[in-house]
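**Student:** Residue-level listing of the chains:
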Amino acid sequence: MEELSWGGILARMFIQLGPVWIALIVLFTVSMTYKRRLGLYGKLFDSTIGMIGFGLVMFWVFVGVFGGPLDMLVTHDPLSQVSGMKNKLPGTPMRGAEDGQYAWFLLGGDNLARDVFSRLIKGAWVVVQIAPIATLFAFMVGITLGLPAGYYGGRLDTILSFLANLILAFPVILLFYLLVTPEIVLTGIPNYMALFLFVFPLIFVCILLNSRYYTQPAVRTPLLIGVLGGLGWLYLSLVSTNGAVVATPTYSIPGIPAFLDLFDIDPGILVVFVSVVFVNSPTVFRIVRGLALDIKTRDYVAAAQTRGEGPWYIMLWEILPNARGPLIVDFCLRIGYTTILLGTLGFFGLGLESESPDWGSTINAGRRLLALYPHAAIAPALALLTLVLGLNLLADGLREESLRD
Amino acid sequence: MGLFILRRLGVMILTALCLTFVVFWLTNLYPNLEKLAKTQGNFRMSDEAVESYLGKNGYLQPMPVKFGQWLGVLPGWTVDTDGEITGKCFAAGTPEDERHGFCGVLQGDWGFSTVFKDDVGSIVATRLGLTGKLMLCVMLVMVPMALIIGVLAGMREGSKLDRSLSTFSIASTATPEYVSGVIFIAVFASSAFGLKWFKGSATSAMENVTFENFTLPVITIALYGMGYIARMTRASMTEVMTAQYIRTARLKGVKFSDIVLKHALRNALIAPFTVIMLQFPWLLNGVVIVETLFNYKGFGWLLVQAASNNDIELLLAVSVVSVIVVLVTQLISDIGYVYLNPRIRIA
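Chains as they are written, first to last, in the working numbering: chain V, 1 to 405; chain P, 1 to 347.
Quick caveat, the hints were computed from the structure, so don't treat them as lab data. All values reported here derive from a predicted model rather than from experimental measurement. There may be inaccurate statements among the hints.
What the hints assert, rightly or not - With a straight-line cut-off of 27 Å between C-alpha atoms, the simulated DSS-like cross-links for lysine-lysine are:
(1) V:K43 with P:K160
(2) P:K196 with V:K86
(3) P:K56 with P:K35
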């Protein structure tokens, strides 16, 4: 086995990523064919910038999904160390490769002799998993608090805005250092924050449905019982691990018993998740509040008030749908920002374990040998760059297309 | 106007107090104190030894009392151990009449750093000076570049120049410091690409700044902030260029360069001013990352050191400084906006 040239490396990576290309082509042909019937999403395919952005984003989403839970694209185990492959350059043949093993380290080996290419793909899954969900949670918190603050105004607005500004005045990195150290995790503070922040989607859905079907109790009551039961179960499984909601060395608050627990979140990921949601939600709050302040002066809101619609119905079914344009654009931008924040956490070695393949931690591990073996840090850096760039371009395309009508 | 500033100042002080209390509370939680005791004493300390160390140093008082002492509104603690009196505000051998009662931030005493074994006030001052140097260079590079890009892109909306410059600014906002820094070091400072133009470390820039050792950190921070300011400038420039008075000027036959420089530019620069001021808090983030990456021992590096070692008093001073920076820039941007834009009046 000889060393691969750069052309060879690129060709082999292209073949290795085959399923991703197929998925992308299928997605694009289907979307292009039916783009007139797909609303805002279809209009995206009228703008070149938006299409490039969407392509980049979907590329990483497919890489994440195929590489993570489906375990397809990776060439080697991302955690196993192969002797003799330490800091090897991209395209180095694997020493002592057996039959059935991939014969090269396509993007070289890192300082612990692990395959950079496989770690890159596994890292994509971490980002693709956490960033959109964390952003969604931040939006739930921001919307649930921002709408009443903007709509009612007054003292509620003053207090909530003060709290939001308080969090925003904090340097993000200092906040991360204060929240994500093992000592703080011991005190159970992240668990309390999870309890608080994760309840917002529940409240949001509950008010949303209640205000819509308030006049039809026969529909509302069973619907609310069903939805709240399901979401409540998810919520309890999310916040409790091993039958406890908060477990510290001195005391613990019991949650649902372990056999009812649907899934357990790794405590490291939970802390990262909570702090990212916490940092993002005040900004969303401010945007939603501003939009609500603007929209509540419109005539259709006055008409709704005259019809006698309740305040929550007006907020969630009159104001919120009319604020969707800026919110969708901001959602895309914010996923990008969350990705950057996750990378920052990894860069300072906070939260996730040091062997985790996420991009920030990999950059952090690679930067120590940057002057000699830059490939281990550059690969994840470029990956993060393209994903965030894709999200920003996508947001730009969406903004352009939503302004057009 | 005076009342507005007074009210803002009041809110600012309240915010700073709340934030410092949060930092104080988080750093003074028992697991953190235990870690502190073990790093100060030795790692095999028993629980009783930890307890007695913390008691001797006044860490076991109730949280509000400790916070009051740190602020300087409550008298500092004194402990009597076997006849020898030690306290927060004086060394062990001080005679009784020279012992101060109060020593807190209000008295100008920021405390003692447990990591650097030095006065917090002087450490923070030196590090802030170093970071000031970095920030100044960043501003000198970032602001003119961003404004030029924004004005060039915004003066002819939809042109080729506009599209390429806009894409560049989107790309620059999508490149966080730890990505661009890593790429810059790899390309311009490592042996892998062979271009050894600059140095990958800025440690030597702390004594004397040269082009070679300071370019990469400055460019790295400037690049991330630049795109955002440029996009804001572009947006405000395109808005101004569609205004009636610009059309009038064009119809009169004024040269295009004169229209841009004399008529449009001044009105287009109001919005970017606020944005530039509000960039300071973000720059602080960038400074922390870049100083860690390039090993430049400034304020951001200090923050990381203080936070990772739970150096309580140093961390408090660092957070006070950064919170004040954020709040003061917000205030300046609000006041400046009112002055620059005569349409806004604050009673």
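**Student:** For the pair supplied as a hint, K196 (chain P) and K86 (chain V), confirm whether the alpha-carbon distance does not exceed 27 Å.
**Tutor:** The hint holds at about 24 Å.
**Student:** Just to be careful, I want the Cα atoms of K56 (chain P) and K35 (chain P) compared with a cutoff of 27 Å; is the pair within it?
**Tutor:** 16 Å, holds
**Student:** Has the given pair, K43 (chain V) with K160 (chain P), been kept, meaning a C-alpha gap of at most 27 Å?
**Tutor:** 23 Å, holds
Violated hints: none; the structure is consistent with every hint.
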